[in-house]
Amino acid sequence: MKETILKLDNVTKVYPNGTVANRDINMEFEKGEIHSIVGENGAGKSTLMKVIFGIERPSSGTVTYKGEETHFNSSMDAIKAGIGMVHQHFMLIPSFSIVDNIILGDEPTKSVFIDQKEAARRCQELSDKYDFELDVNAKVSTLSVAKRQKVEILKTLYRNAELIILDEPTSVLTPQETEKLFNQLRFFKEQGHTIIFISHKLEEVKQISDKISVIRNGVSKGTYLNEELSMEQLTNLIIGRDLDNDMDEYKTHEDFHHQNALEIKDLYMEQNGKPVLDNISFAVKCGEILGVAGVEGNGQQQLVKCITGLEETAYTGDIVICGKRVNELNIKGRRDGGMAYIPEDRMGDGVAGQLPISDNLISTYYTREDINSKLFMDSKKIAAVSDNLIKTFAVKTKSADAPVNSLSGGNVQKVVVAREYNTDSKFMIAEQPTHGIDIGSAEFVHHKLIEMRNAGAGILLVSADLNEVMALSDRIIVMFNGQIAGYFPDANKVGESELGMYMLGAKHQSAEEIGGALND
Amino acid sequence: MLSSILSTLFTMRFLLTIIRMATPILFAALGAFIAASTGIGNIAIESIMTFAALAGVLGSYLTGSAWAGVVFGMVVGVLTVMLIAFFSMKLGADAFLIMIALNTFADAVAIFILYQITGDKGTTASLTTPILGSVDIPVIKDIPIIGEILSGHYILTYLCWLLIIVMFIVIYKTPLGMRMRACGLNADAAKTAGVNVERLQVLSLVLSGIFAALGGVYLSLNYLKIFSKGMVSGQGWMGVAANGIANGNYWMLVLSGLVFAVFRAVSIIFSSNSAFPTDLVGAIPYFSVFVILTVVSIVNYYRVKRGKVEGQ
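Protein chains in written order, with the working numbering: chain R, 8 to 527; chain Y, -11 to 300.
Keep in mind that the hints were calculated from the coordinates and are not lab data. Treat the hints with care, as some may be off.
Claimed, not checked - Only pairs whose alpha carbons sit at most 30 Å apart, straight line, appear in this in silico DSBU-like list of lysine-lysine:
(1) Y/179 / R/124
(2) Y/296 / R/87
(3) R/124 / Y/293
(4) Y/179 / R/272
(5) Y/296 / R/146
(6) Y/161 / R/136
(7) R/208 / Y/179
(8) Y/161 / R/272
(9) Y/296 / R/154
(10) R/146 / Y/217
(11) Y/293 / R/57
(12) R/117 / Y/179
(13) Y/296 / R/312
(14) Y/109 / R/339
(15) Y/179 / R/136
(16) Y/179 / R/38
(17) R/196 / R/208
(18) Y/213 / R/196
(19) R/331 / Y/293
(20) R/117 / Y/161
(21) R/73 / Y/293
(22) R/14 / Y/293
(23) R/312 / Y/293
(24) Y/296 / R/281
What the hints assert, rightly or not - Residues from chain Y that keep clear of chain R, each with C-beta distances beyond 12 Å, as calculated:
(25) 82
(26) 108
(27) 183
Stated by the list, open to error - Okay, the calculated bits of chain Y under chain R, using three or more residues with CB under 8 Å as the criterion:
(28) 243 to 254
(29) 281 to 295
Here the structure is a predicted model, which means the values were calculated and not measured. We put the CB at the ideal spot given by N, CA and C, even for glycine.
Required output: the full structure, derived from the provided sequences and hints.
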């Protein structure tokens, strides 16, 4: 008989605005198991984790940790009790060293001063014990995403966490890095740690878990042993229906291919004294999706900023959108020239959170004639446009006048995609278009992107999610260290681990092979 | 002409003036910096200095002790920041608006109180108050030149430099300082590491109020020895500007404060020379703030443009 470490009994969480995030959740976690929690975004996973981690208090029901009912007032109490959490968005201070990030809040001291030597020794010891290969005196800003995640995990281990919650830990990792993380998780398990693994990547959940719990619409759909659940059953439990996963019914529309939606020639830019974009050249044809794969921080962000006109650092090379050189144009000029953009930072760059959905649905083309009267904006026409978009994009809201930040992540993203879709642009940049949103919404966004491609738009898809890049793209380029490390003219003929090798810099194609990205 | 300017500048008197001018600006800069370290922009430094300057004189007059006056000023400084904290953190008002309001009515309130108590709308000259003196350091004061530079300053000037060193150690070498900096750099990260962000922010604001108040009482109890209308005259703002230039770099903060003090000293030295129009000379320190801030932002712009640092 295994020992129960955490038990949830009828946990219900109702937010003050009446939203029921969790309803009568019962779950049991045993010591030394890897227990996954899956569910769509807005299903209530995050709220449940907040309840366990002491950030939120349950409205009713009890949480029992190590046989005692918990009354955590803050995450501090949870940490003291031995619960650690690795957040999806890293909680690190880039300008601090690894040591300082780890010890923050629990510093070893010598009289009144921080004992830096002792701190470094302890951190290095931990890192070595778990084979993390970190130089603990390095600044976090110099680390790759995978290493930053290790720092986050070390933070929990430093505080002697026995139960570690990992929130979407693989969303930023390459297949190889994910494999490494999983090995480490298995090692933690052997050491007696309990892991709660939250993810929407079902293959990974199947790969790593001992048990799987499903949450749908705030209600628990049961806990299952991994072996007793097939992928289809799991999907069905999560979304309550079968997923239409077959993207192949859409074929590339070669009729549009004689035109280029985007051409990049010899793009070069330096930051902090080293090249972050190193002679990038490629083209996006009309009627195709070009996928950009790569670990975050290898120049993709800067590339997108250069194309959209958001980049502040000077660069050289040519950026041509729909046949027109746009280097000197501002963002509006580029949009007028046929560019649409789905930004990565949905809440920060994608929408104005406090404004109504209807305003956010027109904010990139509010000067267009069809929504304006002679002098003023025409609220009737705007309402017609937004109601139509809300309907076709199935945005879940009671009213178009509700502020957009009252929506769930998936629905906010639908608003962004609907707006950009409605610009009828010939060129679209989709930057992490489904990052952190639920499967249903992600599927919807994917279909819309494909629909745009089939209608003749050229789409540049930048994503850290390899499955997404491989499923949607016609051609793929891989970025590593500011360069194009690999070019794959047929996305169907390349495997995940092959791409992973290029993403990690283990492989690099010759200049002629990469040249195909521009000239094919 | 030029040689007369140079000969005025390279004198001991000029150096000593810089040290005198630097004290209130450095107090103000420290106040702005400590608040900014936890992520709070304290732009009420100027008004806190005004309130504390008056409170210091009144406290000294009422108790008959200059040090009690200093404490009185510090208490008023703390009360002012607590008012800001209460309105912004408890009642949810915009902190910047509250601070702008404070700055706007500080002078008028000070004069109102001054008039109620002394019947004078300009200064506290009618009150006989104990004041703080200067310190001669034994032995050192007898060393030629060095003695003149290091010894004989106002007592709060020494306190200021002591505070600069102590605060450096607190901010960069102690757990408290590390947690405060963490709040300013990434409040969520600090919170999830178990740091009580709100409490540290209040603490930093209180310290900020105390430092600014010390700048104020320096002016009224140590340097000018009376409270007079408009005596703070932008020195609090210079501290805020120095903090803006420093951008989290402690020694850059001290350097910026000293640079502003140099321009104030230039202005003072030249105002006694009738060859220059006094209004123009009086504008030098303010003009220097404008020029330095402009130059710093232009330099930063080109650093981003040339890829030396990443833009926001």
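task = Please write out, lowest number first, the hints stated earlier that are contradicted by the structure.
result = 2, 3, 4, 8, 10, 11, 14, 18, 21, 22, 27 and 28
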